[in-house]
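One letter stands for each residue in the lines below.
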Amino acid sequence: MTALFTDRPGGRTSVRLRRFAGALGRFLGAVVLTYLGLLAVTFFIGRVIPIDPVLAIVGDRAPEHVIQRVREELGLNLPLWKQFVIYLGKVLQGDFGTSVLSSNPVMQDIRRVFPATLELATLGTVIGAGIGIPLGVWAAVRRGGIADQLVRVMALIGYSVPIFWLGLMALVVFYARLGWVGGPGRIDVVYEYTVTPWSGIMLLDTAIAGEWEAFANALSHLILPASLLGYFSMAYISRMTRSFMLNELAQEYIVTARAKGLSESRIIWRHALRNAAVPLVTVVALSYAGLLEGSVLTETVFAWPGLGLYITNSLQNADMNAVLGGTIVVGSVFIGLNLLSDLLYRTLDPRTRAR
Amino acid sequence: MTEIVRTETSLRAWLMSDRPQSRRQASLGRLYAGWRTFARNRLAIVGLAIIVALVLVAIFADALAPYSPYQGDLTRTRLLPPSAAHWLGTDDQGRDILSRIIHGSRITLLVVVLVAILAAPIGLLVGTVAGYAGGWIDAALMRVTDIFLAFPRLILALAFVAALGPGIENAVIAIALTSWPPYARIARAETLTVRRADYIAAVELMGASSWRIVFRHIMPLCLASVIVRVTLDMAGIILTAAGLGFLGLGAQPPMPEWGALISNGRLYVLDQWWVAAAPGAAIFIVSLAFNLLGDGLRDALDPKAGS
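Just so you know, the protein sequences line up as chains A and B, in that order. Going by the numbering used here, the letters in the first sequence line up with residues -15 to 339, in that order. Going by the numbering used here, the letters in the second sequence line up with residues 3 to 309, in that order.
No lab work stands behind these hints: they were computed from the structure. Do not rely on the hints blindly, as some may be mistaken.
[What the hints assert, rightly or not] According to the in silico footprint, chain A covers these stretches of chain B (three or more CB under 8 Å from chain A):
(1) 71 to 84
(2) 130 to 143
[Claimed, not checked] If you want the ones that stay clear, here's a sample from chain B, every Cβ over 10 Å from chain A, calculated:
(3) Val163
(4) Thr195
(5) Leu251
[As the list claims (entries may be wrong)] Not the full set, but computed from the structure, chain B residues with beta-carbon under 10 Å of chain A:
(6) Ala164
(7) Trp213
(8) Pro256
(9) Met257
(10) Trp260
(11) Arg268
(12) Ala283
Given the structure is predicted, the values throughout are model-derived calculations rather than measurements. Backbone N, C-alpha and C define an ideal beta-carbon position, used for all residues, glycine too.
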């Protein structure tokens, strides 16, 4: 093992491995620190809630010694840092406490609702990247053309429009007026109990069960919220693709490729886009993380029973364990994708290693 | 007539002079040059015009609103479609939607201004101190900044509001707490570029304290980029505030906050779509204006940054 890390001249693999190990080390350090920060913030938020957890359990007429005992049972008499350590230990074991609303462990609730959000955000990203990347390439190739204008306008609208409002208006037009799509919820009530929730991903479950009618119904419910999220991701991805491609197309190797007589489409798709692909991967990862966040508002509008709706419902019922548990999960996914995209960028792109 | 023309041209010459006689002439001249670049961008002017209009509407809301934003006629004007009497229709309480939107502009402006006043100085202070001090102070401050940056903004604001309790003040605090990190990043980057400049060394030699250097000699130079970033962020701030209002965590009824108006209209959206449509359009127009203005400011102050 150590031989791999010695500095031999010409030992390119060893250098590469060592750089990778270094990047991984820094990456893990960043993950740990950021995650600690996340938990410190949620811990702090949990501490400043105006509700006294002891009084919530014993009621405000309990005698002093009962209050004292419960306080000790909850560990609230310990110094703050000890409470934080205990909190850390619990969270790392996936123990977010019990939801007041459903009286289930919060983790169990989250496991139930998360697939719905995952399904929505994934299809949104597929739509966003599937349309956004070609559109961005086209905009860069024909600068000032229709696609270029479209990318600009879409991005401007994407940064300015309230997502929940656009969702409501889309419901009015495509569901109430035109009747093209299914309304709020994941599936019509008729199919609700005919499908076994196998993975929790509705399209997968109905397809496995061979219930194609239910599959079509689930898709008709999914397509509108997914397109909505897809629009926001597309606005971001197409703009970034455009700027990466403009950067690549100005490079000298493109001139060389042209001089060699390669076809324009080969130059664009095989040469320029491949070089732009690495930063693009990170952009797609970031937009995926952004959609998980955007789903809070979208799910509320479409009554989509995912993590976002779970968080807002819990908020409205002052169910703090559930809110903080949901925040930690979304935050973890967000941090994970953020740092992962950073790591991917560093290891996949040879140019970033030259430093 | 010719007299006016002459004073105009001489004023321009005075402003455009390459050898300003005073500090004021120099800064006014720079401002003028910036304005000329900015004014060439038509869309940015449109954005500015919309924001000026918004400010005027907010100031003269009482005179402009045709009806009371809080009192409606429940018996006769409930959920009316747009008409000559009620341009944007009425809501479920019989209140005129246009009047509510006009009064709501005050809340939107208040939120934007308060968040900017709270978040920009925090970011500026953290960034300049980190950049000037360097070493472990820099590392620690930037780590904290990164942690905040790694958070999903709306979720963090949600969690803060959950802890502090719903209401417009807490929404402002929550949004400010989640908005400062990018400003800190920018201020630090700017600080690093001037950190080793000769004039800083000169001030240090003259015995100025570190705080004086940070406040008097570094911060003013970072202001421009932070202001641009804040302007670009304003749309995001408005959208976050509206999102919180929509979820019932921002402004509380009967305050005519735009996000809360949409939330109310959501109940009737399939039949009476106008109740939710109009306030959303207002949010969209104002956010768009801030984005256009921010783009224009960025291009005017830093021609390199435009893409």
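(Q) Under 10 Å is the threshold here; is the Cβ of B/Trp260 close enough to any Cβ of chain A for the hint to stand? (A) 9 Å, holds
Q) Regarding the hint that B/Ala283 lies at the interface with chain A, is the smallest CB-CB distance below 10 Å? A) 8 Å, holds
**Q.** Minimum beta-carbon distance criterion (10 Å), B/Trp213 to chain A
**A.** Violated. Min distance 27 Å.
Q) Going by Cβ atoms only, is B/Ala164 closer than 10 Å to chain A? A) Holds: closest Cβ of chain A sits about 5 Å from B/Ala164, inside 10 Å.
Q: Under 10 Å, Cβ to Cβ, is where B/Arg268 needs to be relative to chain A, so tell me if that hint holds or is violated.
A: 6 Å, holds
(Q) Is the interface hint satisfied for B/Pro256? The criterion is a beta-carbon contact with chain A at less than 10 Å. (A) 19 Å, violated
Q.
Count the residues of the region 130 to 143 of chain B whose Cβ falls closer than 8 Å to any Cβ of chain A, and tell me whether that reaches three.
A. Per the Cβ count (0), the hint is violated.
Q | Non-interface claim for B/Val163 versus chain A (Cβ beyond 10 Å) | A | Violated: least Cβ distance 8 Å, not greater than 10 Å.
(Q) Tell me if the interface restraint on B/Met257 is satisfied: Cβ within less than 10 Å of some Cβ in chain A. (A) Status violated, d = 17 Å.
Q: Mind taking a look at whether chain A covers the region 71 to 84 of chain B? Criterion is 3 or more residues with CB to CB distance under 8 Å.
A: Since three or more residues must qualify, the claim that chain A covers the region 71 to 84 of chain B is violated, with 0 doing so at under 8 Å.
**Q.** Separation of B/Thr195 from chain A, once the least beta-carbon distance is taken, above 10 Å
**A.** Since the minimum Cβ distance to chain A is about 19 Å, B/Thr195 lies beyond 10 Å and the statement holds.
Q. Beyond 10 Å from every Cβ of chain A: is that where the Cβ of B/Leu251 lies?
A. Per Cβ check, B/Leu251 is inside 10 Å of chain A; nearest 7 Å; violated.
Hint compliance for this structure: hints 1, 2, 3, 5, 7, 8, 9 are broken, all remaining hints hold.
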